[in-house]
Amino acid sequence: MIFRTLTKKTLPRFLDTVSENYRLIVPEQKGVETYTFRHYSGFSNVATEFLRTIIPPKQFFFPPKEGLFHIKGTSDIEVSIEEAPLSIIFGLHPCDLHGIDILDKAFSYRGRDAFYWKRREKTGFIGLSCLPDKYCLCKSMHTDFIVDIYDLFLYTLDEVYMVSVRTALGDDMVRLCPELFREPTEKEIAEYKERILIREAMFTRIMDITNLADLLTLEYKSDVWEQYSHRCLFCGSCVMVCPTCQCFDIYDSTDLLTDTTVRWRRWDACMRKDYALITGGHNFRGARPERFRFRYLHKEMGFAEMYGKATCTGCGRCSETCPAGIDMVEVVRSIRE
Amino acid sequence: MSIVPQIAILVEKRYLDVQHSLFRFVFDDGDRRKSFSFSPGQFVMLSIFGVGEAPISITSGPDEKGFIDLCVRKAGRVTGVLHGLEENARVGIRGPYGNGYPVEAMEGGNLLIVAGGLGIAPLRSLIRYVLYRRERFGEVGIGYGARDPESVLFYGEMQNLLARTDIKCMLSVDSVPESSRWQGQVGRVTQLLDKITMPLEGTSVAVCGPPVFYKFVLDKLLRLGYSKGSIYMSLERRMECGLGKCGHCVVGHKYTCIDGPIFTYWDAINLPEIF
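Chains A and B are the protein sequences, given in the same order.
Read in order, the letters of the first sequence are residues 1 to 337 in my numbering.
Read in order, the letters of the second sequence are residues 1001 to 1275 in my numbering.
Since the hints were derived computationally from the structure, they do not count as laboratory data.
Remember, it's a predicted structure, so these values are computed and weren't measured experimentally.
Where hints are given, some of them may not hold.
Here's a subset of chain B near chain A, in silico, CB distances under 8 Å, partners left out [to be verified]:
(1) 1004
(2) 1052
(3) 1240
(4) 1244
Where is the CB? At the ideal position from N, CA and C, for every residue including glycine.
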C-alpha cells in the first residue's frame, strides 16, 4: 500500500481517463436524496458527497435477474456466459466494500459460483470516504474502515484526496495520468489524522453487538419476534437493498413461439411466505415471527462459513428503506433488554 | 459443481404404485455417463425444461454404473410432468449433491436401516451398497413400514430381502383393507424395531421417512438405547441450487444441500427449526 494525493479539481480528469480505459460505474443523484450507480457519462453527473445508493453494488456481480442458460425444445443447453468487460466502480464506501467481501465469501463457500465470479473477477474498486448520517451503523459493526478489497481509496481532505493505492490495478489507474498524483505532504498527513477524529465524533447511532450471537440464541423464543412480525409487511425491501443478501430463486420461462426455455435466477427474500415451502405442502418457516427472526439471525449471526459473525455491514439501507419503519438498532435493543 | 444441468434421457419407466414410479435416466453425453458417481443418500437436481427443477434422491446403488434410478412421487409441478413423460424424453440432471451416508465409516460395524414410505428411496441405494459388499458389515437389519399393502414400494425386492438369512429384514403395513390378501406383518414400524434386535454397541442406524415417522422412530430408537450420534437421518428442505448458495434449505446455520441432507440426530437436534 502506498499513498499519493490527488487534487480535488483534477478528479474529473482522472475519472475521464479511467473511463477511457475501463467501463466506469459511478454514483449519480437520482431523486431528491437518492443515489444510484450508473455508467459514467461525464463528471458533472457524479455524486461525490453521498452516503448510500438505493441498490448496493452487488447488482454488478449478482444482477437482480439473470439468465443461466437457454434451450430450444430439449435439444442442447446453451450457457449464457458473456465476456464481462473490465470494470471499475467508483465511490464505494467502507461498508459497501465490506459487503462485497462478505458476498465474495458466500459465493465461494465450498465451490465458486461461476456466474458471480465471471463479473466479480473483472471488477476493480475505487473507494471513497464518507461522513455518517443518522442511519450509519458501520462504527458498531466494525466496518467503518477497510484496508483491502479496494484498488484505490480516496480519503476526502480540504483540497485534495489522500489516495491509498492498494493493488497493481490501482497502480495501473494512477499511471494513466501520473502527473495528477504526488507524495502527500506532512500537512496533508496531519489533516488526514484530524479528519479521522472529526468522523469518529459524528457517529450518533450505536448498536451494541457485544455477545450478540449468544443473545440471539438465548432469545430464540423471545416475544420480540412476534411483536415485530405484526409490524413487518414482509415486503422484502430490506432484502433487496441489503449489500449482503444473497438468496435467489431459480425458475424457467418458455417462449412458445420459438419453443425456447430460459432458466433464470433472480433475487429472492427469506421473508416471503413460500420461501421454505416444499412439495407436499409442508412449510418449514411459514409463520411470520419465524420468517422475521430468520433474517435477523442471518444478518447478525450469519451461517455457514460466517457462522457467529455478523453479515450486516451497518450501511443503514434497511432502516432507511423499511416502509414499516423497522430499524435494526431498535430490534437488537429489544433483544438486549 | 455447476448450476447448469446436462441432458439426460429417460430410458425406462417402471410403475410402482398409483403415486410412485421408478425412472431410469442415462446422460446423453457418453463421458458423463461413465464419470458420474455418487454415494448412497446423495441427490440430483432434475430439470424438466420449461417447468423447473426438483431435488430427488438417487435410488440406484453406487455400484450400478451408467444409469441413475430415481423413485419419484407424483406430488408437485415438476414431478407431475415427469410422471407424464414417455421413454426417450429428454430432461436435465445435475449433481450429485449432498454429503450422503458416511458409508466408509459405517463399514466394519452393524447397520440398522429404518424406512417409512417413500423414505425407502434413498435407503434402497444404501441397501444396494451394503449387499454389494455384505462381508464388510457386521449384522444388518432392515425395517420398512408402509401405509397399506398397495403402497409397499419395491415389493419384489423386499420379498428377496425377507428371504435372506444374512439380513434381519422386516416389513409391515399400518393397516390392511378387507379386500387385501396381505399375509405379512401389520403394525407400526416402531413395533418392528422391538423385533429387529441389534447390539447397541457398534451399530449405525440410517432412518428416512416423513416428518411424523421421524418423530416416533427417533423416540423409539432412543428408548431402545441407541446413541443420538449413531442415528443418521435425511432432512428434506426446499432446494433450488444444491450448491450452498441460494439460501432456501438453510436450517439453523447449516445448508441442508451441502452440510446434509444426512445429519446425525445429535447434529440435527442442535439446529433450530429442525422439524
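Outcome of the hint check:
1. The beta carbon of residue 1004 of chain B comes within 5 Å of a beta carbon in chain A, closer than 8 Å, and the hint placing it at the interface holds.
2. Using the Cβ-Cβ criterion of 8 Å, the hint placing residue 1052 of chain B at the interface with chain A is satisfied: the shortest such distance is roughly 5 Å.
3. With a least beta-carbon distance of about 5 Å to chain A, the hint placing residue 1240 of chain B at the interface is held under the 8 Å criterion.
4. About 5 Å separates the beta-carbon of residue 1244 of chain B from the nearest beta-carbon of chain A, less than 8 Å, and the hint is met.
Of the hints listed earlier, there is not a single one the structure fails to meet.
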